[in-house]
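A.B. asks: Residue strings, one per chain:
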Amino acid sequence: MSTQPAKPARYGMAIDLDRCTGCGACMVACAVENNVPPARAEATPRTGITWMRVYQVSDRDRAAFVPILCQQCGNETPCASVCPQEAVQVDPATGIVDQMPQRCLGCRYCMTACPYHARYFNWWDPQWPPGMERTLNPDVATRMRGVVEKCNFCHGRLHAARTRAAAEGRRELNPGEYVPACVEACPAGAIVFGDINDPASEASRVARQDGSFRMLEALGTDPKIYYHTARAWVRDAVTKETDRG
Amino acid sequence: MLSHFIFLGLFYTVLAIICVTVAAAFVRAFEDFRARRAEAVCWEATFPDLPARDRVCRHEFTGEFKHRTCDRAFDCRECQQHAALVARRPAEAGPAPERYYHRGHTWVQPEPDGTVTVGLDPLGESLAAGPEALELPEAGARVQLNGPGWYARKRGVRLRILAPLDGEVVATGGADQGWYLKLKPLDGRFEMRHLLRGAEVQPWMAREMERLHGALAPAGQAATMADGGMPVADIAAAISREDWEALCGDIFLLP
Amino acid sequence: MDSQLMPRGVRRCSLPQFLLWIVPWCALLVFGLYGAGLCLVKGLNQTNMDNRFAFGLWIFLDLTVIALGAGAFFTGFLLYILKKKELKAVINSAVVIGFICYSGAVAALLVDVGQPLRFWFTFWHPNVHSMLTEVTFCITCYLTVLFIEYVPIVLKNRKLRQIPSFLVFEFELHKLMPVLAGVGTFLSFFHQGSLGGLYGVLRGRPFAFRDGFAIWPSTFFLFILSAAAAGPCFILLTTWAVSKISGRQLVRPGVLPLLGRISGILLVPYILLKSVDTLVWIDHTAPARGFAAHQFYAWKPFGEWMLFAEILIFGLLPALILLGRRFRERTGLLIPAAVLVCLGIAMNRFVLTVQTLALPTLPFDGFMTYLPSWQETATFLAVVAYGVLLYSLSFRYLVLFPQEKDLPQPRPAHERERAILEPVC
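Protein chains in written order, with numbering that gives the first Met the number 0: chain A, 0 to 244; chain B, 0 to 254; chain C, 0 to 424.
Calculated directly from the structure, the hints in this document are not laboratory data. Some hints here could point you the wrong way.
Chain C regions said to be covered by chain B (calculated; three or more residues, Cβ under 8 angstroms) [unchecked claim]:
1) 124-131
2) 142-149
3) 156-169
4) 175-187
5) 398-407
Glycine included, C-beta positions come from ideal geometry on N, C-alpha and C.
Bound-form chain A, shown alone (with noise of 0.2 angstroms):
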């Protein structure tokens, strides 16, 4: 019994920027979702693991927030080219950049590589305080220390989601099917997130909508997060090159 698409789909997401308030409800189910161990008391913003995360943007009084993960490069995907053991591949079916903690050997080549800082390494051995090991999703596997890990668009949620279609005997997933945990959780509905190969989705309907954008697109890594603004301030704060000069 198969469980794969017919079709290869390009999974992705469309994420308004005017919408998302920065409240961070799409950090925490990520974490819940996806297993990550509570930080430790000696972590700082820059051991912590958030293969969500919630940048602020700001222009004197005006503020807004921008959610980086893991952008899905699908061009020469820089992480994929320079892994060494291959722990990073490219599912040709979902466009999914897949990561192996488990044969990952900690050389945090990829983390060097990617451009949108969305990898986030095992700094400590994770640990969960007694009891809190309830709160474990039996779906997801957990990492060991010493090893890379980040943002695969819940992949636990597709692999349920197609063995559902499957023993219905259906071998596509209905929109709205699979949708990752973060995209659940915003209160405000800022992420929307779906094949961008199907000009039918949404995401690819807001991905094409004037206002849309990626994030750093000279360098040409076709990453498939779309984010959306009318605000020409958000847009010029968020793909204008850093001019300190």
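Dock chains B and C against chain A, hints included.
C.D. replies: Positioned in the frame of chain A, the structure of chains B and C alone reads:
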């Protein structure tokens, strides 16, 4: 896929080259032992490590070269330079020399019955006189040119006296008899081109004496005759252990 | 006491004096191993590296040390392949230094990765498109070659060479040295280059990214050239330093200037190519990726002075000194020039590792800073201590400088006194 093959192909090729090289060295070393070339190889391997002053070409003594270091480990048998220079010399008049000398300070005296007697020259004798122990090879044993001839232990240093010829030991003597080995040739005749004789000997001896004095002078005193003759006292006892080891190495060509 | 183990014809300091030298380095080694042990046992949280500074002090120093150890392959190439016989004077020392540099770097790398026991994964699942795979394979092979080149030097120890089988094996292996030198050159060419390629391929880091030739960015070739230029300088420096510390004449007077000249000759094309590469990067490569080059230098203290310093002060200036015969024959100019070259190489590696990571890529990001923790510094000091210890033992008991026994040596003080006081016959 092609890049996979190229990359791994190159890697395994390099690995193979490394392994084959090391294996070849092992195999050749094994062959050297089997062909009983080990002693000659040991000498050839350690010769370049001797100081330059120990490796002076014999043709410097006769003035045919101003400065020349031997690059053949004192094996003049195959040396082109030596053959050319000998051919250029006028024919030697007079009887054949009674004794030939080896760079390791042994002399070789051909006997009428085709054997040779081997002993230590005066300089060698003065250093190795009265050894604490003497290890001579047994009768029937074979010695190789520039391999170990015999061993003498003097003031803690195990001196290796170089064998001046390829040969088979027929008899052994001792310091009191004035000779150490009697050898018979392996293939009918002895090869003696590499031994010093005639006009070469005196300048060589003089130079070695100079080296001896040079080695002794700064460190200690040895009672010598005013005209620079042989030191009469026991040199080994007169100088420091370190200097004694260095001196032995220089004179007897120990690596 | 241990004079039986020392090479004949050379003097070394007394055993108590030697132990006095060794003990502080042993202490440093123990301290450093403790720091490294903490990192291995407790995890890399013992370092100050983080998700933005994934590479830190260790990678920077590994790259520098490997570039400086390039003297081993380059001297071997010049001696065994191009037959420059004068380099026989330093080849043994170069091999030992190379071995120390590479083994130390590999040891530091094993502490640097999060899962050292998985080191063999790269060999089992190689990603042939990754520069780091290439580096791993080449460095492992090359360390093996260096070890094989080190073995004959050890076998020629005064005591060990008395075992005939050792000596015969050494002799046969030495005859095949040109093969190993050739393999070493081939491997070094690729891994020195790939270490440069590590950064040149980072399309996500426009500061480091470079166009190049086929699959190799320009940094690939620049690293090879700079390593070949730095190697002889490092050998020059270590020979001079060892000579000063031991009070012995180790090489003939012409050898050090020769090494300097070789460095100088290689520095010139390196500086030229690097300047061209920098201009291409400023005019074309960086803007094509959405960044103006001057933006990268807007962050203090990494201003534009770094570019000029690297190319002019640490590149062109020593090159001019090393190429001028009258300059390089003066030790007072030769040594500082060599130091500048080595510092220049270190600076180049620093710029590509630390500065690359410090610079922001996302527009709303800031400039990052990083200072290594004491455990990181201690680990590196352990490598230094290991190097000094291994070299000291090799210098005392093995022949690292074959010309030493033929050179006039300054008489030790106590003997000079005796010669004055007592009449010579």
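A.B. asks: Go through the numbered hints given earlier and state which of them the structure violates, listing their numbers in rising order.
C.D. replies: When the structure is compared with the hints, none of them turns out to be violated.
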